[in-house]
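2 protein chains.
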Amino acid sequence: MMQNSDSVDQEQNLRVRKLEISDKGKGFIELLQQLSVCDSVSDKEFQDRFNEVSSLGDDHIICVVEDELRGRIIATGSIFIEKKFLRNCGKVGHIEDVVVDSSARGKQLGKKVIKFLTDHARSMGCYKVILDCSLENKAFYEKCGFKQKEVQMAMYFV
Amino acid sequence: MMQNSDSVDQEQNLRVRKLEISDKGKGFIELLQQLSVCDSVSDKEFQDRFNEVSSLGDDHIICVVEDELRGRIIATGSIFIEKKFLRNCGKVGHIEDVVVDSSARGKQLGKKVIKFLTDHARSMGCYKVILDCSLENKAFYEKCGFKQKEVQMAMYFV
Numbered sequence: 001m002m003q004n005s006d007s008v009d010q011e012q013n014l015r016v017r018k019l020e021i022s023d024k025g026k027g028f029i030e031l032l033q034q035l036s037v038c039d040s041v042s043d044k045e046f047q048d049r050f051n052e053v054s055s056l057g058d059d060h061i062i063c064v065v066e067d068e069l070r071g072r073i074i075a076t077g078s079i080f081i082e083k084k085f086l087r088n089c090g091k092v093g094h095i096e097d098v099v100v101d102s103s104a105r106g107k108q109l110g111k112k113v114i115k116f117l118t119d120h121a122r123s124m125g126c127y128k129v130i131l132d133c134s135l136e137n138k139a140f141y142e143k144c145g146f147k148q149k150e151v152q153m154a155m156y157f158v
Numbered sequence: 001m002m003q004n005s006d007s008v009d010q011e012q013n014l015r016v017r018k019l020e021i022s023d024k025g026k027g028f029i030e031l032l033q034q035l036s037v038c039d040s041v042s043d044k045e046f047q048d049r050f051n052e053v054s055s056l057g058d059d060h061i062i063c064v065v066e067d068e069l070r071g072r073i074i075a076t077g078s079i080f081i082e083k084k085f086l087r088n089c090g091k092v093g094h095i096e097d098v099v100v101d102s103s104a105r106g107k108q109l110g111k112k113v114i115k116f117l118t119d120h121a122r123s124m125g126c127y128k129v130i131l132d133c134s135l136e137n138k139a140f141y142e143k144c145g146f147k148q149k150e151v152q153m154a155m156y157f158v
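From first to last, the protein sequence lines are chains S and W. Take 1 as the starting number for the first sequence in the numbering used here and just add one per residue. Take 1 as the starting number for the second sequence in the numbering used here and just add one per residue.
Hints were generated in silico from the structure; no laboratory data involved. Take these hints with a grain of salt, some might be off.
One copy or two, either will do: identical chains are not told apart, so a pair holds if it fits within one copy or between any two.
Cross-link-like lysine-lysine pairs, in silico, DSS-like; alpha carbons within 25 Å at most [stated by the list, open to error]:
no. : residue 1 : residue 2
1   : Lys83     : Lys128
2   : Lys24     : Lys84
3   : Lys138    : Lys24
4   : Lys138    : Lys112
5   : Lys24     : Lys147
Bear in mind that the values here come from a model prediction, so they are computed numbers and not experimental data.
Just chain S, with the same shape it has in the complex:
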């Protein structure tokens, strides 16, 4: 596999980091639109939500991968830390909204995002990390070290 040299080459221009307020101008919302419904978000709405999430500190972080040559966000994923009474007042990391830009797939960016998020959960003392995915993405998460556990049920209000 040529993956290693590609990966090194990529890494020179890629940065894996937490979401910053300026990422709205780097295509963060457009990236999310590849995952689910997301109309345009105003600067004010973005800033308000950014502040709400930031107020939780390490309990809710959003990881992004920036292509620094192009100044574009090309992958993202989030995690929040749930505090339970179960498991001796244990903590669980919940991974959400993982997406890689359609033009940047096959570059292991999804794995980088998942590693960033699971490392964070481990450092926060979580006893497990969970996520929900479609059947077609199951194999990807298995490669990342996840195992299928339960079924996800949903109730939609809108």
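Following the hints, position chain W against chain S.
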């Protein structure tokens, strides 16, 4: 069905409400032990976790059903509200840790807990509520109005 009269009779002694700090003395931890691993929790640990969850206000609530004649907590479930950028800065309710005391099953207490939690999510403006469950509990959640959506993946650290 005789369910209605049973339910009315039950309701005279049952209260569905948010967790209170005094619920540790009413068997809340012992109830959770019917769901998963939970060794005894000290008063200090309980209070610290209670305060952490309470600090999130309406963004993380724990519902309990108290049998007021016996002074015991006989059902519980929790929900936290995740704030997203997706769905036009939408919110999602995550239901966790639903359990009904083994001596109190068949009395629709699970449904009461789920109704309390989904009502809360709706009032908070969530566009959906999700939860993970075993295949054997799927039919129960379908009766509550949920539909199977994805698969849950987990990575355990301990």
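Hint-by-hint comparison with the structure:
For a Cα distance limit of 25 Å, the shortest separation of Lys83 from Lys128 qualifies both inside one copy, at 12 Å, and across copies, at 21 Å. When the C-alpha separation of Lys24 and Lys84 is checked against a cutoff of 25 Å, the pair qualifies only between copies, where the shortest distance is 14 Å, while the shortest distance within a copy is 33 Å. In this homomeric assembly, Lys138 and Lys24 never come within 25 Å of each other (Cα to Cα): the closest approach is 29 Å inside a single copy and 39 Å across copies. When the C-alpha separation of Lys138 and Lys112 is checked against a cutoff of 25 Å, the pair qualifies only within one copy, where the shortest distance is 17 Å, while the shortest distance between copies is 33 Å.
With identical chains, the CA atoms of Lys24 and Lys147 are never at most 25 Å apart, being 33 Å at best within one copy and 34 Å at best between copies.
Hint violations for this structure: numbers 3, 5, all remaining hints satisfied.
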